[in-house]
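Student: For reference, the chains in residue letters:
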Amino acid sequence: MNGIKELEQISSQVRRDIVRMVADVSSGHPGGSLGVTDFMVALYFKILKHNPKTFTIEGAGEDVFYLSNGHISPVWYSVLARSGYFPVKELSTFRIYGTRLQGHPTVCTKLSGIRMASGSLGQGLSCGIGHAQAKKANGDTNSVYVLMGDGETQEGQVWEAAMYASAAKVDNLIAVIDWNNQQIDGSCDEVLTLGDLAGRWSAFGWDVIKMDGHNFDDIIEKMALAKSKLGNGKPVMVLMKTDMGRGVDFMCGTNEFHGKAPSLDQKAVALAQLDETLGDY
Amino acid sequence: MKRFEIKGNKDTRSGFGEGLLEAGRINSEVVALCADLTGSVRMDLFKNEFPARFYQLGISEANMASVAAGMATAGKVPFIGTFANFATGRIYDQIRQSIAYSHKNVKIAGSHAGLTLGEDGATHQIMEDLGLMKMLPNMVVINPCDHNQTKLATIATAAYEGPVYLRYGRPVVPVFTEPDADFVIGKGVKMVEGSDVTIIATGHLVWEAVLATEVLEEQGYSVDLINIHTIKPLDKDIILESVKKTGCVVTAEEHFMNGGLGDSVAQLLALTLPTPLEMVAVDDRFGESGKPAELLERYGLNSESIIAKAKAVMARK
Chain A
0 MNGIKELEQI SSQVRRDIVR MVADVSSGHP GGSLGVTDFM VALYFKILKH NPKTFTIEGA
60 GEDVFYLSNG HISPVWYSVL ARSGYFPVKE LSTFRIYGTR LQGHPTVCTK LSGIRMASGS
120 LGQGLSCGIG HAQAKKANGD TNSVYVLMGD GETQEGQVWE AAMYASAAKV DNLIAVIDWN
180 NQQIDGSCDE VLTLGDLAGR WSAFGWDVIK MDGHNFDDII EKMALAKSKL GNGKPVMVLM
240 KTDMGRGVDF MCGTNEFHGK APSLDQKAVA LAQLDETLGD Y
Chain B
0 MKRFEIKGNK DTRSGFGEGL LEAGRINSEV VALCADLTGS VRMDLFKNEF PARFYQLGIS
60 EANMASVAAG MATAGKVPFI GTFANFATGR IYDQIRQSIA YSHKNVKIAG SHAGLTLGED
120 GATHQIMEDL GLMKMLPNMV VINPCDHNQT KLATIATAAY EGPVYLRYGR PVVPVFTEPD
180 ADFVIGKGVK MVEGSDVTII ATGHLVWEAV LATEVLEEQG YSVDLINIHT IKPLDKDIIL
240 ESVKKTGCVV TAEEHFMNGG LGDSVAQLLA LTLPTPLEMV AVDDRFGESG KPAELLERYG
300 LNSESIIAKA KAVMARK
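Protein sequences, first through last, are from chains A and B.
Per numbering that gives the first Met the number 0, the first sequence starts with residue 0, numbered consecutively.
Per numbering that gives the first Met the number 0, the second sequence starts with residue 0, numbered consecutively.
These are computed hints drawn from the structure, not numbers from a lab.
Mixed in with the good hints, there may be bad ones.
Unchecked claim - To give an idea of the chain A side of the interface with chain B (calculated C-beta under 10 Å), a few residues: (1) D139; (2) A167; (3) D170.
Note that this is a predicted model, so its numbers are computed, not measured.
Don't be surprised by glycine CBs; every beta carbon is placed ideally from N, CA and C.
The shape of chain A in the complex, shown without the other chains (with noise of 0.2 Å):
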């Protein structure tokens, strides 16, 4: 098993690979993507119960993870890959025609690891409902993880899941918000407050815990907290608190970089702050 030290050099290669994937081609999504680093090494590589060389779409017999916020996808292959997945020189192809690697994740390149398209934001906790619900149809005792943006909670599906989801006992599911309180057009505060999300979720009837996106201690010991919880009727929340672009200064706690790429000298300036542990792609 992974220990803290080795969950720490995988997240600054992967903080490397986003932003030298989104530098090279001008365009995708880092901030996000930086932010939810460290949950998403933790979550592959210490969490998951997962087989990535003998990847199925239907994950019969391991955990299942779905994002529903696509944009962060630099983050998602990176970890995708790292994780052995697929091969991460295949990260130099990110949005370029031809790729596996789409802007947005899709299941119709078969990049082992994405059992759904995302982007259109809303749509994740859904899908993921719906697996826990087959799984449990299945007679499959693993659970369902989703990742969701915090001002993506803004679309009203989500709402629609957060209702259904307690209402039909859907307690094989842990659904995790980045919580980072940014979005394109601002803090959420400004674009749209999400208010007080722990005591919403919680009068859907959700079992909520909050969490340091940054700690793997907390990472590991909520995540742990809230696989302990399933089984008892409830569909668990873990609120990550998370900063947007964290692991490079110019980048961190600002939205700036939700969906702008960094120039080359600031790619430079970035990588510098960021060591390389496994090896570029």
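With chain A's structure known, arrange chain B on it following the hints.
Tutor: Coordinates of chain B only, in the frame set by chain A:
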């Protein structure tokens, strides 16, 4: 002369209900999801026999579509059922991303389609659903004509691997196809052989086309009548073969002219075999309240309109 005997009068939605039950017996992976219209869309037969495989989503169609996509990912064969308006237009983006683009084995059952929904009026009378669904890559679009064909279409839809939009209706209408007929997705059915004019009809308008054919034959015209239950993929062969023989076409459907069967046939002919064409369809206007038969007459979706268009198109040859 009578070409087809009426075997009774039933709604197409009941054909769906019986077909879904049969599909559920054939394949234990078939599940049904509904958004608070279980009886209306005739999912109750399935629900009663397979309660554990029935999911009540409440009035949340967007969630229902995406939940079904997740279930399909795990190997289920989900049917989602609601009124055609809510099953397509209301949740177009969910269908587009999570079902069509993601190529999920989800079956979208749209009941109460078209004008013949009747008294509820335009908010519920969708006449652009075929167009919306046929524009999506990967999506198969089926619009059967009567109770028996709807049942067969439902069973075939369950057996097909991939996303399908299955459209059916509310009113009680004549049953005139055989309950054990062959139903092949993408294959039109030649109902009458003739040489003067081709009539291509779909859904409830197939019966009107049968009535029109009988009248035209009595008046000395020879009609080639095609029942197109699959709007996409369109059976190009049966259409082109007929048109080469007759040299003119009338299409008939309970749908807008934009985006419907006539639009697909016009595209096919314009690209491959330019041919005089007339359409019986609704021309760019919303529906309204009224009795189904009355609305069909008011909007020109009946045998009289088909006869008039047939004579007009034959004159253009």
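Student: All hints, please: hold or fail.
Tutor: Now the hints, each set against the structure:
1. D139: For A/D139, the interface hint holds, since the closest Cβ of chain B sits about 8 Å away, which is under 10 Å.
2. A167: Status holds, d = 7 Å.
3. D170: violated (16 Å)
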